[in-house]
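A.B. asks: Position chain B against the provided structure of chain A, taking the given hints into account.
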Amino acid sequence: MTSALTIRHHDVVVVGGGAAGIAAAHAAASNGADTLLIDAGPMLGGELLSGIPIDGCLNTRGEWIVGGFLDGLLEECKALDGFVGAFFDWRTIWVVCCDPETMKLAVARQLDKAGTKILLNSFVDEVVTDGGRVKAISVLNRNGRTLISAGTFLDCSGDGDLAVGAGAEFLSGDGKGAYQPVTMVFRMAGVDSDRLMQFAEEEEENLALRENPWIKETREECLRALIKQGYPKLFLKADGPLMAKSIEAGELYPTALIGVTPVSMRRREVALNTTRVANVDATDTRALSATMPQLIDQVWNCQSFMRKRVPGFENAAFAGIAPRIGIRETRRIVGEETLDGDDVLAAVKRTDGIAKGGHHVDIHGGGTDQVRKPIRDGGSYDIPLGCLLPKGIENVAVAGRCLSADRQAHGSARVMGTCMAMGQAIGTAAAIASDGNDPHPVLGEVPLSRLRERLLDQGAILDGTH
Amino acid sequence: MGNAIWDIDTDVLVVGGGAAGVSAAVTAARNGARVTIVDGAPMLGGELLTGRPVDGAIALDGRRILGGFADDLLRGCEKFDGRSAVVCDFDRRNVICMDPEAAKLALTELVFGSGVSVLMYTAVDQVVKDDEGRVHGVIVRNKRGRSLIRAKVTIDASAEGDVFTTLSNAVQEDGVYADTRKVDLTMRMSGIDAGALLARASETPSNFSLLRHTRFSDRSDALSKFREQGVPILKVPRESPLLSGAMGPGGRLPDLEAIEIAPTSALRREIYVRAANVQVPADRTVEAASDNYTGLHAQIETIIAFLRESLPGFSEAGLAAVAPQVEFSGGRYAKGDVVMDTATDAGAPVIALGCGVADAEIFGIPFGSLLVNGTDCLLVAGSRISAAQSRRADTRAVGTCMATGQAAGLAAAMTAESGGSLRSLDAHALRKRLMDQGGVLEATS
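Taken in sequence, the protein lines are chains A and B.
So the number in our numbering is just where the residue sits in the first sequence, counting from 1, plus 17.
So the number in our numbering is just where the residue sits in the second sequence, counting from 1, plus 35.
The following block holds chain A by itself, in its conformation from the complex:
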């Protein structure tokens, strides 16, 4: 017996419903394209649902460098009482803190408003190519297999699955088996914020502060400013006495930092970003699955440490883990252009930029290792469309951490704010490519001036901001 294959067609198909994918799908649909967003999992939002703050929305100087889709999403979070705020960490970056549970509702609202079609629990299996074009993909779910054709395909899978399936070249990690660690973000509720920040003030030697040379304030002034913010938000550093002693004594596993950021003031809840298992190829499903017990051990170990050692957490309760393992680094697609790490560090501006990044180069290693390099003058750099176009494939673009970049540039551009900016750019480009009724749209031929103009009209930030 042969099994039937269902067929459907859309103008634009987006694979992957994380920060990049929802921005791409929203942009494509709101610019008039019939858009389908596919995710292998049961939920949309990806790492936005983990609880970690959204990095890369503002540069170190405190200027917003991402707009448009992000603005709309944050408006929804505010309307639903799920927006805590945008804060400078007085260490090196600005973070945007939201409630990840409310975020689920906000993401759904945004996609609904744009009229994006959604297909969840569906795995992209095969890619049908014809020369340098992707004609269709086959998608597998429990109802069977569906052949989905489209004018353009946007790969926001994080791992470049679709582009690689279409024959795109790629690089992985450092090329020698090293990958940034995977992380399980977790949350704790009932935190006494005043007590925590009092501890910060009294035992400031435990805090990571002023790690960016572009910060003009003294360490003391940074500490004052952090405490004045009045939210439960700090980074404990591994070489501070509290963590160092506990790591030394074997009470806490070795890790570089414990990042504490607020997710809900009503629930007095914070997210903790600290667990890590390095050098796992996250595209190897078995290896990725097998990190779970180690991550869970670290989660419990860290929450016990917080309750035992960190004032303000004495009466806090474990409140949950992220819906999935967080992945920092897998493949980088080889694109028409490659984002250069030196350009990132030098905050290079380009007239053909379609998205901006501003997160420091942030390459986590195993244990307490972490490479951090600031961007010149706390500014931002521009990403051209060529970094999002896999070489030799004319109707596919990528957005998110699988962009075309060297490893250093990737260490900056991989964060969610930048992913959303990239997603909005390729979603808009795909909509423009499909609105000329060209049956064979080519993304690289979208007039740059038209794309930039449309992005700017819709709130994207492309110019200036150092």
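The set of hints was computed from the structure by calculation and includes no laboratory data.
Please note: incorrect hints may appear among the correct ones.
[To be verified] Heads up, incomplete: computed chain B residues facing chain A, CB under 7 Å, no partners named:
#, residue
1, Ala76
2, Asp116
3, Arg118
4, Glu136
5, Met155
6, Arg176
7, Pro240
8, Gly353
9, Leu354
None of the values given here were measured: they were computed from a predicted structure.
Ideal Cβ placement from N, Cα and C applies to all residues, glycine included.
C.D. replies: Only chain B this time, still in chain A's reference frame:
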């Protein structure tokens, strides 16, 4: 040229990582089998991760009908500060309320700790069978590529019968498979004042599903015990004045069957809320759930606003979590050697116990209801086991899913070890080993 396919050889393959699947996998591994479990989701646990209270564990009269794996899970939750409690709904059921976040940690520890090989993020593509109807495993697809998983015994513990529905004559075609199915999206809320809520419930019991069992015929006594219990567990049915007035044309609520609440964490003053739902066509469920994804999330907003305004104890409450996935009710059931109904011969060797939703009576589940018609080397466990319409609401209970999962896992391990067929397994030996491992096959007080 074709692409190479990975080859994975295992004794027992478990398809589906929900309550039945994890119970089956852990049990099989502890009994010496090499076990692989596959699930499409990014986290094991299925419905155990929603906060839904576990029914089918404690009968209404207080007798235990579940043990073994479930006890380990509850102990595991305890270790992670998830204090579970037996709670009576003062209507028809006793349930065990559990913290789903603690359950995530506990399940990870149990599954990996017992040596099960885990493939999350993995879709089942094809079922591998031979001319004699034996199932040899499945072909799966994940980011690593395609793998053939060969198994001596396969356990279909999926929520939708992913394995047996692909086989001929293995599905019950009893006409009960309706045209539409219900999909739900549950949530959790925190900051509830349980006292205020329970006071209202005892003052106006007509708004709630309470006291329907004859056990609660002394109403005032039952209501005072309900308040004494102090736990926010309630069901507001659609026909109650509270809901019926708010639904329908011009009403603020969508068409709900009920609003059900139950505690999940006393530490976080958190409850589970089941309310948002929509009817969808019964086939192509993945598309249907996806099409209703944003609508179900919008319902959650509406329901939270309604609860805050309309129910005492909710004025300060807010969203704590949205469930990790949209869930389905209904679907197709395996056609087993025994199609269990309320009249199933009590003499057949029982490998798990359940409890009737309507009558609160304990019943036994025979091994034959896990054996799929026309096949070998395949067991079904969990919500899709071979039950007739009259029993399906009962066998779907989460606790009962864990019980049938445990039985299937042990039966699979024993069969893989002996090399015999599932149907020649000595049911009495299976029962004895189940009971040795904490399984409850005779209700105990």
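A.B. asks: Which of the numbered hints are not met once you compare them with the structure shown?
C.D. replies: Hints 3 and 7 not satisfied by this model.
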